[in-house]
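Enquirer: My request is simple: use the sequences and hints to build the entire structure.
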Amino acid sequence: MELYCLEAETVVRARPDPNLLGDDRVLQSLLTIEERFLPQCSYFKCVQKDIQPFMRRMVATWMLEVCEEQKCEEEVFPLAMNYLDRFLAVVPTRKCNLQLLGAVCMFLASKLKETRPLTAEKLCIYTDNSIRPQELLEWELVVLGKLKWNLAAVTPNDFIEHIVKRLPLPEDKLDLIRKHVQTFIALCATEFNFAMYPPSMIATGSVGAAICGLQLNGTNHALWGDNLTELLAKITNTEVDLLKACQEQIERVLMNSLREGRRQQHKQQQQDQTNPRNKALDDQDQSSTPTDVRDINL
Amino acid sequence: MMSLPGRGRVLYAGCRRGVGGSAQCCLFGKVDHEQLQRDYTLLMRTELEDASRRWSFDFTTNRPLVGGDFEWVVLPESRVPFVYQDRTIVVKPQSKAVEPASDHTKEDVPKTPEQCDENTHSAEKHTLKRKQTNITDFYQAKRRVVTTRKTGQ
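Heads up: the protein sequence lines correspond to chains L and Y, in order.
With full-length UniProt numbering, letter number 172 in the first sequence gets 172, and the count goes up by one each step, no holes.
With full-length UniProt numbering, letter number 73 in the second sequence gets 73, and the count goes up by one each step, no holes.
Don't read these hints as lab results, they were simulated from the structure.
None of the hints are false.
Computed cross-link-like contacts, DMTMM-like style, restricted to lysine to aspartate or glutamate with a CA-CA straight-line distance of at most 25 Å:
1. K146(L) x D32(Y)
2. K173(L) x D24(L)
3. K146(L) x E121(L)
4. K234(L) x D158(L)
5. K113(L) x E191(L)
6. K244(L) x D158(L)
7. K122(L) x E138(L)
8. K122(L) x D32(Y)
9. K111(L) x D128(L)
10. K148(L) x D39(Y)
11. K165(L) x D17(L)
12. K49(L) x D50(Y)
13. K122(L) x E69(L)
14. K146(L) x E47(Y)
15. K95(L) x D32(Y)
16. K30(Y) x D50(L)
17. K146(L) x E49(Y)
18. K30(Y) x E140(L)
19. K30(Y) x E138(L)
20. K30(Y) x E121(L)
21. K122(L) x E34(Y)
22. K122(L) x D39(Y)
23. K146(L) x D50(Y)
24. K92(Y) x E114(L)
25. K113(L) x E68(L)
26. K49(L) x E47(Y)
27. K95(L) x E34(Y)
28. K30(Y) x E69(L)
29. K95(L) x D39(Y)
30. K148(L) x E47(Y)
31. K49(L) x E34(Y)
Reference listing, derived: stretches of chain Y covered by chain L, where coverage requires no fewer than 3 residues with Cβ under 8 Å from a Cβ of chain L:
32. 26-36
33. 43-57
We put the CB at the ideal spot given by N, CA and C, even for glycine.
Expert: This is how it looks when you write it as C-alpha cells:
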C-alpha cells in the first residue's frame, strides 16, 4: 500500500469559536488593551529624519503585494504594519534600511499568525536580493527587542467578527462584507494617517464603509446612515463624531486609490502605444495588475 | 454596487517589476551592508546595556551589578530546575527557512536521535552548528541566580 502525504496542500485554520465571539468580555478586553499596541508618537515629526510619509506608503504597498502574492492570512499585513510603526516610533531608521524593516516585520507577523510562515529566503528574494537572509535574522532580533517581544498586538481584524455578529446583516452577504472590511483595513494600514487610530475605530469605520458601499441598507432601517453609525459606535464604545470622520476618511482613501489605479492604467496604455517593443512585458504586467476595479472579484 | 480595488496591485506601480508581475523589487536603492552591520551592532549593544541596567546584571561578564533594583543570589546548580541549567542543545534544523541556502546539503542529512542529543557545556559545538543568531549570543545568562525585587514594577 502506498502512503500519500497531502499535508502540503492544506492550511490548518482554527474555526471561529462561538464561545469567544459570543462573550462580551472578549470584546471588552480587546478594547481595554488595544491602546497598548499603538505607536508611541507620530514619528515623522519627532523621530525620523531620513524617512518620509510617502516612503512608508511605498514599503507598505510592497508588503501588501508580497502578502497577497504569498496568500498570507489576512491579519499578517496589518500586524506587520503595526510592528513597523512601533519600531519607527522609537528607532531613527535609514531610508535604505526601510525595506529590510518591512521584510522583518512580515517575517515576524507571518510566524505569529500562520501555520506555514514566510521564509527568510523568500522575503529576501522579494527585496530583489538587496538584503541577505542572515541580515534579516539579525534584524529580527533588533526589532523583537525594540517591540519588547510584545508581538500579539490587537489589530482591526480582531474586531471584525465581534462587530459583524452584533449587526442585523443578511446571512448570505456576510462573506462579501467580511472581504470588503478586510480590504478597507488593509487600505488603512497603508496610510499613515490611520497609524495612530485605535484598531477598534478602524474596524468599526471599515464595517460602516463596507455596508454603505455595498448598499445593504435598503431594507433594514437599523442600517441607514446615522442609525448604522450610532449602532456601530455603541458596539465599540467609539464617539459617533469620531467614527463618522473615520469612515469618511476611509472612503476618501478608497476613492484616491481607485483614481490612482485608473491613472496607472491610463499611463500604461499610453506606454503601450508609444513603445510597442515593451508590449509583451506590459501585457504580462497588466494581466496581474487589474486596474478596472469592477472586474475584480475579491 | 461599489467595487473594491485589487489592493496593492492597484495602489502601487512605483518600482520595476520582477518576472510575471511579481512584487520582487528593491525599493530604496542599494543597501550598504557594512553600514547595516554597524547599525545592527550598535543597536544590539545599547539593547544589552539597557538590559544590564534594568536587571542590574552584566550579561557579558555574567556578574551582578551593585546598586540596582535587584539583589542577585547565587544558587547551587542542583537547586535550579533542569530547564534553567546551562547547557547546549544541538537540534537538527526542521525548516530550511532560517538556514542559508548554501548549507542545505550539509544540514539536511537526517540524524539519529543520538546525534541530536544534548551536549552539556559544549559551547564550541554550539557555535559551529547554529547559523541563526541566538539570544544567548548576547545574553549569556546562566540563570543560576534568582531575583528578589526590592521595588515593584
